[in-house]
Amino acid sequence: MGIHDRLIEDVGLRRGVSRLTPEKIEKTVNAVLKNETGARLKVYSETCMRCGMCATACHYAQSHPDDPSYTPAGKVRQTLDVLLDKGGKVEPDFIYGMAQLAYTECNLCRRCVHYCPIGIDTGYIMTVIRRICHKLGVTPQYIQDTAHSHSATFNQMWVKDDEWADTLQWQEEEAREEFPNMRIPLDKEGADIYYSVIAPEPKFRTQLIYQAAAIMHAAGVDWTMPAEPGWDNSDMCMFTGDFEMMGRLKRRHFESAQKLKVKRIVMGECGHAFRSIYDVGNRWDGWMWHPIPVVHSIEFFWELMRDGKIKLAKKYPGPVTVHDPCNVVRGRGLHEKLRELVRFLIDGDIVEMASHGEHNICCTAGGGVINCGPPFKNVRVAGSKSKAEELKATGVKTIVAPCHNCHGGLEDTVHAYHLGMEIKFLGDIIYECMEKPEA
Amino acid sequence: MNTIYEFVTGPLAWLTWTAFFAGCAWRLASMYKLAKSKDTSSIAFMSWKYSLRSIAHWVTPFATLGWRKNPALTVATFLFHVLIFAVPIFLTAHVMLWDQFFGISFPAIPDPIGDYLTIVVIALCVFFAVRRLQDPNVRYITKKADWIALAIVFAPFMTGFLAFRQILDYDTMIILHILAGEIMLVAIPWTRLSHMVFAVFTRSYMGSEFGGVRHARDW
Numbered sequence: 001m002g003i004h005d006r007l008i009e010d011v012g013l014r015r016g017v018s019r020l021t022p023e024k025i026e027k028t029v030n031a032v033l034k035n036e037t038g039a040r041l042k043v044y045s046e047t048c049m050r051c052g053m054c055a056t057a058c059h060y061a062q063s064h065p066d067d068p069s070y071t072p073a074g075k076v077r078q079t080l081d082v083l084l085d086k087g088g089k090v091e092p093d094f095i096y097g098m099a100q101l102a103y104t105e106c107n108l109c110r111r112c113v114h115y116c117p118i119g120i121d122t123g124y125i126m127t128v129i130r131r132i133c134h135k136l137g138v139t140p141q142y143i144q145d146t147a148h149s150h151s152a153t154f155n156q157m158w159v160k161d162d163e164w165a166d167t168l169q170w171q172e173e174e175a176r177e178e179f180p181n182m183r184i185p186l187d188k189e190g191a192d193i194y195y196s197v198i199a200p201e202p203k204f205r206t207q208l209i210y211q212a213a214a215i216m217h218a219a220g221v222d223w224t225m226p227a228e229p230g231w232d233n234s235d236m237c238m239f240t241g242d243f244e245m246m247g248r249l250k251r252r253h254f255e256s257a258q259k260l261k262v263k264r265i266v267m268g269e270c271g272h273a274f275r276s277i278y279d280v281g282n283r284w285d286g287w288m289w290h291p292i293p294v295v296h297s298i299e300f301f302w303e304l305m306r307d308g309k310i311k312l313a314k315k316y317p318g319p320v321t322v323h324d325p326c327n328v329v330r331g332r333g334l335h336e337k338l339r340e341l342v343r344f345l346i347d348g349d350i351v352e353m354a355s356h357g358e359h360n361i362c363c364t365a366g367g368g369v370i371n372c373g374p375p376f377k378n379v380r381v382a383g384s385k386s387k388a389e390e391l392k393a394t395g396v397k398t399i400v401a402p403c404h405n406c407h408g409g410l411e412d413t414v415h416a417y418h419l420g421m422e423i424k425f426l427g428d429i430i431y432e433c434m435e436k437p438e439a
Numbered sequence: 001m002n003t004i005y006e007f008v009t010g011p012l013a014w015l016t017w018t019a020f021f022a023g024c025a026w027r028l029a030s031m032y033k034l035a036k037s038k039d040t041s042s043i044a045f046m047s048w049k050y051s052l053r054s055i056a057h058w059v060t061p062f063a064t065l066g067w068r069k070n071p072a073l074t075v076a077t078f079l080f081h082v083l084i085f086a087v088p089i090f091l092t093a094h095v096m097l098w099d100q101f102f103g104i105s106f107p108a109i110p111d112p113i114g115d116y117l118t119i120v121v122i123a124l125c126v127f128f129a130v131r132r133l134q135d136p137n138v139r140y141i142t143k144k145a146d147w148i149a150l151a152i153v154f155a156p157f158m159t160g161f162l163a164f165r166q167i168l169d170y171d172t173m174i175i176l177h178i179l180a181g182e183i184m185l186v187a188i189p190w191t192r193l194s195h196m197v198f199a200v201f202t203r204s205y206m207g208s209e210f211g212g213v214r215h216a217r218d219w
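Those sequence lines, one after another, are chains F and W. Note that my numbering has the first sequence beginning at 1, numbered continuously upward. Note that my numbering has the second sequence beginning at 1, numbered continuously upward.
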């Protein structure tokens with residue numbers, strides 16, 4: 001029972017492992033453990049009492065109730081425990097399984113935190129494992145491709161510099177019919193808001209940019225988007241373990257906003273990008289907080305609602321259920337504002353899932369898992385069985401989910417478990433329901 | 001026999017207490033030094049307020065999601081931890097030792113109750129052991145170190161019980177009991193039992209990150 005009984009063929013993992021030697025592994029493992037980890041990892045591994053309380057925390061374990069190798073402590077036992085026990089003297093084949101486990105069977109969602117009396121952060125331990133895998137060059141091909149894109153273009157989707165500006169102008173032009181005076185202001189110095197998105201938006205979800213621009217326009221916000229690289233706030237390097245590149249990405253993003261002398265950054269409806277900017281990438285760059293304030297869309301839309309800047313022509317028909325993205329709820333406590341905003345937008349009730357707020361169950365796409373691509377899709381969907389059951393039990397037809405990755409994951413879950421539910425961004429609902437005076 | 005008894009309650013006992021305190025101090029100091037050099041981005045976020053908030057929740061039975069989802073283990077864990085401190089400290093025979101060696105005196109638990117509570121501790125050790133063997137999730141993650149930790153705690157209570165009841169040879173048993181207690185004290189800083197000194201810090205760190213940065217509950 002364990003990861004080595006369920007290996008999945010992946011070009012990136014296979015090629016990476018083929019280049020390894022036991023000597024190289026030992027050297028790299030010990031270099032990371034010695035130079036990049038300290039008391040935190042040491043105490044976690046020494047004082048985990050193997051009580052098994054975390055077992056039922058994890059949606060993977062809930063979805064595979066008879067297989068302890070999916071539990072948080074079970075994952076640590078198959079990875080870090082072995083490396084420590086053997087002093088890094090493991091075979092290349094072991095690294096294959098370790099990488100598959102760390103990249104595709106843990107969403108770094110930190111739900112297990114609510115279960116551990118000692119306060120062990122299994123997400124952190126899995127991040128250390130990923131870091132070792134990255135340094136060994138053993139990463140799943142799909143997510144590594146996005147990391148390469150980050151390195152080459154400073155965005156996740158190989159969007160070229162001219163394509164970016166073109167896409168924004170295209171959306172601006174599209175919107176002219178509906179909003180004759182709407183602009184997507186590029187590089188406007190001193191704007192109140194610097195709006196940043198993830199690269200999949202210009203690549204294949206341009207309607208999200210359209211909607212955001214429409215909302216900014218209708219609310220009369222003084223905003224801008226940068227014309228140069230730095231506009232993409234996403235960060236797959238954080239998830240592959242390429243922290244050097246993560247640091248460069250965050251620096252570029254912050255500096256792009258600083259150059260425009262904006263008052264603050266508003267981020268689109270994304271979870272992982274918020275994690276990267278809010279308490280991971282910024283720390284790598286040596287910032288305890290942020291050189292300029294950062295708010296997530298949930299909070300920004302909530303402010304617009306509070307200040308009466310969004311006026312609704314109608315309410316969205318409910319009831320709905322609310323999916324809490326880990327990175328902005330367990331990572332930033334935005335669940336109450338999210339619900340206040342949803343109540344403002346919908347006609348009907350919020351029907352909560354059994355696990356909600358900070359205790360939410362992850363969409364099973366987060367932590368870079370969905371980005372590992374098609375080879376691992378079935379594992380991911382199987383791991384979301386417990387999420388599917390909670391969704392089904394609500395009996396509603398609409399899920400509000402303010403995060404791109406959650407959308408991707410929930411779409412697959414809804415499809416695979418025949419839930420027949422629609423998934424909405426906040427921007428979708430606001431755009432659909434707001435007053436459009438010029439229209 | 002008397003010479004051995006004199007030795008384990010005399011020089012060896014003083015050595016044990018020294019090793020216990022020195023061991024704990026050394027581990028704490030060296031871990032702090034390591035944290036200062038490698039975990040500065042964690043230390044920077046430590047907060048008294050959120051540390052205490054987190055600790056308060058986790059020392060309250062059923063106040064956290066994890067405790068609520070594991071009711072049997074919760075009752076066992078709280079009872080166990082209270083008793084493994086209370087029984088050795090407040091047992092009549094031990095209260096006399098506190099007075100004899102340290103010159104401090106305080107009320108004791110009456111013997112019959114102490115005897116009963118010792119049985120409870122032994123039963124809880126058996127519960128933990130059976131759980132380790134029976135629950136697949138726990139069995140899968142159990143290592144030798146977990147059995148060693150359990151055995152180290154079990155031994156002084158078991159031998160103490162046998163000595164008090166005079167079930168086997170009392171003189172031998174009381175010496176074994178004292179030795180087992182001494183082994184436990186010396187082992188605390190160097191085994192899984194080190195969570196006695198470290199858990200307050202891991203808990204505080206998690207509380208600080210969740211309270212001060214993530215604005216979310218960690219319970």
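Everything labelled a hint here was simulated from the structure, so no lab data went into it. For each residue, glycine too, the CB sits at the ideal point set by N, CA and C. Please note that the accuracy of each hint is not assured.
In the DSBU-like style, the derived pairs of lysine-lysine whose C-alpha atoms are separated by at most 30 angstroms in a straight line are [as the list claims (entries may be wrong)]:
no. : chain 1 : residue 1 : chain 2 : residue 2
1   : F       : Lys-89    : W       : Lys-69
2   : W       : Lys-69    : F       : Lys-135
3   : F       : Lys-261   : W       : Lys-69
4   : F       : Lys-89    : F       : Lys-188
5   : F       : Lys-34    : W       : Lys-69
6   : W       : Lys-33    : F       : Lys-86
7   : W       : Lys-49    : F       : Lys-337
8   : F       : Lys-135   : W       : Lys-49
9   : F       : Lys-188   : W       : Lys-144
10  : F       : Lys-24    : W       : Lys-143
11  : W       : Lys-33    : F       : Lys-89
12  : F       : Lys-392   : W       : Lys-69
13  : F       : Lys-337   : W       : Lys-33
14  : W       : Lys-143   : F       : Lys-34
15  : F       : Lys-89    : W       : Lys-143
16  : W       : Lys-69    : F       : Lys-27
17  : F       : Lys-89    : W       : Lys-49
18  : F       : Lys-436   : F       : Lys-337
19  : W       : Lys-49    : F       : Lys-24
20  : W       : Lys-69    : F       : Lys-385
21  : F       : Lys-86    : W       : Lys-143
22  : F       : Lys-27    : W       : Lys-49
23  : W       : Lys-49    : W       : Lys-38
24  : W       : Lys-69    : F       : Lys-42
25  : W       : Lys-144   : F       : Lys-311
26  : W       : Lys-36    : F       : Lys-42
27  : F       : Lys-27    : W       : Lys-38
28  : F       : Lys-135   : W       : Lys-33
29  : F       : Lys-188   : W       : Lys-33
Just the calculated beta-carbon pair ranges, DEER-fashion [stated by the list, open to error]:
no. : chain 1 : residue 1 : chain 2 : residue 2 : range
30  : W       : Ala-72    : F       : Ser-18    : 35 to 41 angstroms
31  : F       : Asn-35    : W       : Leu-83    : 41 to 47 angstroms
32  : F       : Gly-190   : W       : Ala-29    : 48 to 54 angstroms
33  : F       : Glu-163   : W       : Thr-40    : 36 to 42 angstroms
34  : F       : Pro-180   : W       : Thr-40    : 21 to 27 angstroms
35  : W       : Phe-78    : F       : Glu-228   : 53 to 59 angstroms
36  : W       : Leu-28    : F       : Ala-31    : 54 to 60 angstroms
37  : W       : Leu-133   : F       : His-415   : 51 to 57 angstroms
38  : W       : Thr-40    : F       : Pro-437   : 48 to 54 angstroms
39  : W       : Leu-133   : F       : Ser-18    : 52 to 58 angstroms
40  : W       : Leu-83    : F       : Gln-141   : 51 to 57 angstroms
inquiry  = Hint check: Lys-49 (chain W) vs Lys-24 (chain F), CA-CA at most 30 angstroms. Holds or violated?
reply    = violated (45 angstroms)
query = Taken at face value, is the distance from the CA of Lys-27 (chain F) to the CA of Lys-69 (chain W) at most 30 angstroms?
reply = This hinted pair is violated, its Cα atoms lying about 41 angstroms apart.
query = Holds or violated: Lys-89 (chain F) with Lys-49 (chain W), Cα cutoff 30 angstroms?
reply = violated (43 angstroms)
ask   = Does the Cβ distance between Thr-40 (chain W) and Pro-437 (chain F) fall inside 48 to 54 angstroms?
value = holds (53 angstroms)
query = Keeping to a limit of 30 angstroms between CA atoms, is the pair of Lys-89 (chain F) and Lys-143 (chain W) held or broken?
reply = holds (19 angstroms)
key: Pair hint Lys-188 (chain F) and Lys-33 (chain W), alpha-carbon separation not exceeding 30 angstroms   = Measuring from Cα to Cα gives roughly 48 angstroms; hence the hint is violated.
key: Restraint status (C-alpha distance of Lys-36 (chain W) to Lys-42 (chain F) at most 30 angstroms)   = Satisfied, since the Cα-Cα distance of roughly 14 angstroms is no more than 30 angstroms.
key: Agreement of Lys-69 (chain W) and Lys-42 (chain F) with the hint, judged by alpha carbon distance not exceeding 30 angstroms   = holds (27 angstroms)
task = With 48 to 54 angstroms as the target window, see if Gly-190 (chain F) and Ala-29 (chain W) comply at their CB atoms.
result = Taking Cβ atoms as reference, Gly-190 (chain F) and Ala-29 (chain W) lie about 51 angstroms apart, which means the hint holds.
message = So if I understand the rule, the pair passes when the alpha-carbon distance is 30 angstroms or less; does Lys-89 (chain F) with Lys-188 (chain F) pass?
response = violated (55 angstroms)
message = Does Lys-311 (chain F) sit within 30 angstroms of Lys-144 (chain W), going by the straight-line distance between their CA atoms?
response = violated (64 angstroms)
ask   = Is the hinted range of 51 to 57 angstroms satisfied by the C-beta distance from Leu-83 (chain W) to Gln-141 (chain F)?
value = holds (55 angstroms)
Comparing the model with each numbered hint stated earlier shows that hints 1, 2, 3, 4, 5, 8, 9, 13, 16, 17, 19, 22, 25, 29, 30, 34, 36, 37, 39 do not hold.
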